[in-house]
Structures are given as C-alpha cells and as structure tokens.
Amino acid sequence: MITIDPKVVPLTRLAGLLRVLTLGTRYDHSCQGEGKEKVIARIRHDMLLEQVFPSKFEEGMSELALLEIYKTGKYDAKYGIAMAQRNGLNLPKANAHDYDVTKCSLRSLSVHPGPLRHDRDTELFVHMRRIGAVSIVGEQEDGTDGVNHVNIYSDGRTTVGRLASNFSEGPFDTMDGTFFTLEGYYHWLRIRDWTRTTKYAFNMAAMEDMYPGLRKLRTVTGTEAIRLGRTLKSNIYGGTKYRTGPFSKESLERFRWALAGKLHKLRYNNVTLGNYLSMMVYCGFPLTHYYVYNGKVKYPDFREWLPNLLSGLLEHIDPNDSDFDLAALQAKITEGSI
Numbered sequence: 219m220i221t222i223d224p225k226v227v228p229l230t231r232l233a234g235l236l237r238v239l240t241l242g243t244r245y246d247h248s249c250q251g252e253g254k255e256k257v258i259a260r261i262r263h264d265m266l267l268e269q270v271f272p273s274k275f276e277e278g279m280s281e282l283a284l285l286e287i288y289k290t291g292k293y294d295a296k297y298g299i300a301m302a303q304r305n306g307l308n309l310p311k312a313n314a315h316d317y318d319v320t321k322c323s324l325r326s327l328s329v330h331p332g333p334l335r336h337d338r339d340t341e342l343f344v345h346m347r348r349i350g351a352v353s354i355v356g357e358q359e360d361g362t363d364g365v366n367h368v369n370i371y372s373d374g375r376t377t378v379g380r381l382a383s384n385f386s387e388g389p390f391d392t393m394d395g396t397f398f399t400l401e402g403y404y405h406w407l408r409i410r411d412w413t414r415t416t417k418y419a420f421n422m423a424a425m426e427d428m429y430p431g432l433r434k435l436r437t438v439t440g441t442e443a444i445r446l447g448r449t450l451k452s453n454i455y456g457g458t459k460y461r462t463g464p465f466s467k468e469s470l471e472r473f474r475w476a477l478a479g480k481l482h483k484l485r486y487n488n489v490t491l492g493n494y495l496s497m498m499v500y501c502g503f504p505l506t507h508y509y510v511y512n513g514k515v516k517y518p519d520f521r522e523w524l525p526n527l528l529s530g531l532l533e534h535i536d537p538n539d540s541d542f543d544l545a546a547l548q549a550k551i552t553e554g555s556i
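Numbering (my numbering), first residue to last: 219 to 556.
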C-alpha cells in the first residue's frame with residue numbers, strides 16, 4: 219500500500235472515474251445499494267476539497283477497486299464538516315451524520331470575483347443550516363452571497379437573489395396594469411406620486427399620452443427602465459420645487475401588492491419564490507442589498523428598502539410549504555393589516 223499525494227495522482231484518477239460514471243453505464247450495476255448518485259457525490263467532494271478520504275491508494279489500483287472506496291458512507295460526516303469549514307460554516311460533529319453528500323454541486327462553491335463569477339446553488343447551504351451549521355464568517359460580501367446572506371441584486375450570486383430584485387422579468391400584474399419588471403413599475407409609481415401631488419385633475423392615462431416614455435416603462439427591461447425612469451423624472455419634475463421622498467402610502471401599498479404577486483408567480487426549485495425565500499430567512503439567511511463593482515461591494519442609499527419590504531411579506535408565507543394563498547396576502551396588504 220502506497221500513500222500518494224492526494225493533490226496529484228488520486229485526484230487525476232478520480233477525474234477519470236467521475237467521467238466514466240457520469241457519461242457511461244459501465245458501473246451502474248456495481249453502484250446498486252448506495253446508489254450511483256451518492257458515489258459520484260463522494261468522488262466530487264474529494265475533488266472539490268482537494269483532500270482524499272481515505273488518502274491511501276495502491277499505485278496500480280483498478281477503477282473497480284477505486285470505486286469500492288466510495289460505495290460506503292463511512293466518510294460522509296467528514297465530508298460535511300470539511301465542506302462547511304471551507305465555506306465559513308461550523309457543522310457540529312453531532313449533526314454531521316445528517317449531512318447529505320448529494321446536496322453539494324459545483325455551483326454551490328463559486329468563490330471567484332469578477333468575470334469568473336457564476337451562479338451559486340443555495341441548496342447545499344440551506345441543507346447545512348437545517349442540520350445545525352452556523353456561520354463563522356460575519357462579513358456579508360460577494361464571496362459569501364448565498365452562504366450567510368442573500369443579496370437582492372440583479373447581478374447577485376444566487377438565482378433567488380436575482381429573481382427577488384426589481385430587474386427580474388415577468389410580466390407581472392399590478393393594480394395599474396401589467397409591467398414587464400417591477401423596476402419599471404417603481405419609476406411609474408414615482409411619477410404617479412408627483413402627478414397625484416401636483417395635478418388638479420389626476421389622470422395617469424393622460425400622463426402616458428403626454429409622455430409616451432411613461433407607457434414604455436411597462437414593457438422595457440430593468441436596465442432600460444432605470445435609465446428611462448431617471449430621464450422621465452428629470453424631464454417631468456427636474457428643476458421644480460418638488461422633492462421626492464418615501465413612497466406615498468397609496469403607492470407603497472400598490473408596490474407591495476405587485477411584489478406579493480411576483481413572489482407567487484416566480485418559482486425556484488419547484489416552489490414559489492416567496493416560499494423559498496421565506497425558508498431561507500427562516501434558516502438564518504438575512505436579506506440585504508448591495509452592488510458589486512470589480513469585486514468590491516458598494517452599498518447604495520436606501521439599501522434596506524426592498525429587503526425590508528420582502529421580509530415583511532415573507533413573515534406571512536409558510537417556509538415549509540411550496541405555495542401560498544396570494545389572494546389572502548394581497549387582501550391583507552390592501553386592508554392595511556401588514
């Protein structure tokens with residue numbers, strides 16, 4: 219028996235075995251019992267962690283003999299503890315036996331800033347939180363998005379964070395008709411507040427006729443909506459004594475009503491976005507909002523506004539269910555009980 223540097227020979231051989239298992243059926247019969255999915259997951263853990271459990275290999279070990287090592291769950295708890303530590307979490311030994319190796323995917327472990335950023339699968343970290351893992355890294359930054367918090371941002375690390383941002387695409391129903399994004403609706407409501415405050419005869423249809431760009435806010439993407447919205451607001455009340463502040467009570471109600479609809483319409487992992495986000499918050503993932511430029515975090519003004527709106531709605535959505543009663547939630551919004 220020869221101990222080989224686990225970062226050299228074994229990992230190279232494991233890559234070959236993993237390729238055989240994922241692309242072919244050669245060892246399907248041999249993997250019965252523990253299951254091919256778990257065997258693949260254990261091999262992937264060794265490769266991702268760059269430490270092999272166990273670390274002893276015979277130099278001339280056959281693929282079949284190598285495969286036998288991964289047909290046992292003997293080391294699954296060690297995988298869980300090691301994977302938790304790698305990602306800034308502490309998984310107690312007493313809880314590690316509940317670790318499911320199949321929850322880890324390559325998409326769980328995106329740690330590179332800049333152009334190498336890619337979507338982080340939150341399933342692994344939700345699973346770890348559910349079995350008792352706690353964060354030992356306090357910083358909320360791009361590298362920990364989806365690990366110890368969720369960034370509600372159109373270019374965030376997680377799918378759920380991007381879906382929850384105002385840039386996610388519908389179309390979505392609102393009290394004022396259909397909008398392709400809630401970013402467009404946000405700017406539309408800003409101008410609605412101005413119209414309501416300054417016009418003797420309040421008529422948004424007439425405003426849309428007067429300013430065609432206002433109607434266009436209903437159909438453009440989030441990026442286009444923010445540019446168009448700023449231009450419209452500048453043209454309509456720029457240079458006047460009107461000063462924007464928080465949404466009026468009426469506009470806030472309208473936006474929250476539409477936001478509830480979006481949480482119900484969009485789905486992730488076979489549940490509504492609202493239920494999934496509620497589950498993440500319940501498991502200890504706070505919602506936040508920041509931008510990332512060249513790998514650096516920038517906190518905008520009013521960064522708590524959307525996370526707070528979402529959190530207020532999520533308190534009324536069951537974290538353990540796959541759907542929620544949208545009509546009941548929207549009724550609570552209009553009657554002012556939430």
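Warning: the hint list may mix true and false statements.
Capping the alpha-carbon separation at 25 Å, the derived lysine-lysine pairs in DSS-like fashion look like this [as the list claims (entries may be wrong)]:
hint, residue 1, residue 2
1, Lys-417, Lys-459
2, Lys-434, Lys-417
3, Lys-289, Lys-256
4, Lys-289, Lys-321
5, Lys-417, Lys-483
6, Lys-467, Lys-417
7, Lys-321, Lys-292
8, Lys-311, Lys-256
9, Lys-256, Lys-296
10, Lys-483, Lys-459
11, Lys-296, Lys-311
12, Lys-483, Lys-514
13, Lys-434, Lys-514
14, Lys-514, Lys-467
15, Lys-550, Lys-467
16, Lys-550, Lys-514
Just the calculated beta-carbon pair ranges, DEER-fashion [as the list claims (entries may be wrong)]:
hint, residue 1, residue 2, range
17, Leu-282, Trp-523, 55 to 63 Å
18, Ser-248, Asp-536, 41 to 49 Å
19, Pro-518, Gly-278, 42 to 50 Å
20, Lys-459, Val-352, 21 to 29 Å
No wet-lab data here; the hints were simulated from the structure.
Treat the numbers as computed from the prediction; the structure is a model and nothing was measured.
Beta carbons are placed, not taken as given, at the ideal position from N, Cα and C, and that holds for glycine.
- Message: Output the indices of the hints that this structure fails to meet, ascending.
- Response: The structure conflicts with hints 5, 10, 12, 13, 14, 16, 19, 20, although it agrees with all the remaining ones.
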